[in-house]
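Now for the letters of each chain:
2 protein chains.
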Amino acid sequence: MFAIVMAGGSGTRFWPASREHLPKQFLSIASQQSLFEDTLDRVSPLVGYERIYVVVNRVHEATTRRLLGGRPAPVLVEPAGRNTAACIGLAALHLRRLAENDPVFVLPSDHFIANPYGFRRALAAAAELAYSGAVVTLGITPTRPETGYGYIEVGGEIERVQDEWYQKAERFVEKPDRATALRYLSSGRHFWNAGIFIFTARTILTEIERCMPALHEGLCRVDAALGTPGYAAALEEVYDGLESVSIDYGVMEKTGAPLLALRGDFGWSDIGSWQALYELRRDRYDEQGNLLPEHAVAVDARHNLVHSATPRLIALLGVENLVVVDTPDALLVANLSHSQDVKRFPELLRRTGRTELT
Amino acid sequence: MFAIVMAGGSGTRFWPASREHLPKQFLSIASQQSLFEDTLDRVSPLVGYERIYVVVNRVHEATTRRLLGGRPAPVLVEPAGRNTAACIGLAALHLRRLAENDPVFVLPSDHFIANPYGFRRALAAAAELAYSGAVVTLGITPTRPETGYGYIEVGGEIERVQDEWYQKAERFVEKPDRATALRYLSSGRHFWNAGIFIFTARTILTEIERCMPALHEGLCRVDAALGTPGYAAALEEVYDGLESVSIDYGVMEKTGAPLLALRGDFGWSDIGSWQALYELRRDRYDEQGNLLPEHAVAVDARHNLVHSATPRLIALLGVENLVVVDTPDALLVANLSHSQDVKRFPELLRRTGRTELT
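So the protein lines, in turn, are chains A and B.
Using my numbering, you'd call the opening residue of the first sequence number 1 and step up by one each time.
Using my numbering, you'd call the opening residue of the second sequence number 359 and step up by one each time.
Because the hints were derived from the structure by calculation, they are not lab data.
Bear in mind the structure is a predicted one, so any value in this text is a computation, not a measurement.
Idealized CB from N, CA, C, for every residue including glycine.
Some hints here could point you the wrong way.
Footprint (simulated), chain B over chain A, 3 or more residues, beta carbon under 8 angstroms [unchecked claim]:
| id | segment |
| --- | --- |
| 1 | 100-107 |
| 2 | 299-313 |
| 3 | 341-348 |
So here's chain A without its partners, still in its complex pose (with noise of 0.2 angstroms):
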């Protein structure tokens, strides 16, 4: 069996310890290692080193490569970044030649996971469906009226493999709105679509070329070029054509392949903000609800995060309800509740040309 670690992402939420040159995925926000770090050795002990194949921008080699450390995986690089059906695709192009028929686990880089034996659980039951040709994502069991997540609608029978349970998925949806939301939660028949794939290289490909016939065409170039001296020239010009399509959106929504939704509840978040970050990681609370680092002192404070990337002091006094990042070059002071307006920051630091801070 194999993985792809996407790794491509970038976004502002956890400004301004993220930046474009450090996204999320690259900052130790949910343990002592980065979010990356995380993915690969929670997946290890499925795949092994060698056989995870971490798919990353071009501008993010560097950083990719140091975090990588002594573990031997496989990295590719893209010129650019073109969302997750090219990313995928790419990946898949590679495997092909190793395994076709070999389950491929497809993970996002930046996501929080409490429980990883049960995580492995699921992927290896996903993985025996795979095998048979099957497109399988994991559905993630709701515990709230999300508004900032996609649902995945499962139907049918609710069957059973090794100790996981799946469903047909019947449908893709886009985040929905609070009413909606609270059907979703109390209905048994929706599940939050955390992204996470498992298929083989040739179910995916053909795929692909059934759902997305330009990136099909594109990847057939790349591939007529694989292994020769050409690679890098043919990568670069493919994807300087290509659109940027999610899977998701490009395959999942229409695909001809056997569709199902196994259930997972391992504690799964995306960690969309440093509120949801505040809010999973209640095993470090201190007793006034404080998530702290070593250097920060607190008085008459409580349920507030600090993040710091600096070894100043910090000290809180009579405060509550904050999140306080401090960087080498920008400090952020907000209103935990406010924290997923945090992307204004780098919005309005770019309109006046203060690039460096974004």
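Following the hints, put chain B in place on chain A, whose structure we already have.
The following block gives chain B in isolation, referenced to the frame of chain A:
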């Protein structure tokens, strides 16, 4: 006329901007320059820099001379801090040799005065009273039931000098409780003690002789060495044996000289906390009542004070009533209304051996 500017104080209420080596009077918190420089420039139109005697603790001498810049004010260095009685006595020794019957303005160096014209008018009127041998203090008309200040209780006829009003000062009272402060506010007989005094060198040295015989004896030994190579050694030895006593307690409360209080209404504050500073600077609020340096950005934030000693960007989001103090090695995020507790951090840091941050 002469002035004594007392720049020897230390304190922890403006931590982390203020430190042991950089007390409040050297911070630029009320204007573009330090409170110490503001103090010099405020009184210089009345006396000229050459007649402003700056008294400073040896540990702050270098900072003091740097901030003096081109101002030709004489500097008297104390080998150790021994409170205001010793400081004033030492300066009076020097001034007695120049002009023992000229009025001297004794000024703390870390206060804020909104109306320097009114302040100088009050000093000029007080000087007229001091010529006749009175000890004059400025009594600030209270504007709130402040429990953090000492009060002067006045009595007898209200009299006039130049365009100012004065009465006899009958009693100096310590910081009152809330109920007493409320009573003082409406009594018409209680004024804030700003620690500003006006007298001649002859008057104050006579009063020190009468009220503080130990200090007087020490000053006589320093006086004998004045202008000789033995001055520094004599000063060191005398200071070593001196007790720390304030001029209020040592002289004012027991003086036999006529003690007068001249009313002052020139927008005085001792800026006792970050909150006091915030409230003083209404003239610089943005539309949301934030007091920000140029390199701060506020979104949905109001009533915040940011003080910065670094060029880092500071971003506020959805927060209110905070004070954020950014320094190279320590950051404070506090509720403005808790800012009188800021001194707990240097205490805490000293206890844990992190004196480099105090």
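Status of the hints after comparison with the structure:
no.: 1; hint: 100-107; verdict: violated (count 0)
no.: 2; hint: 299-313; verdict: holds (count 4)
no.: 3; hint: 341-348; verdict: holds (count 5)
Violated hint for the displayed structure: number 1, the only one.
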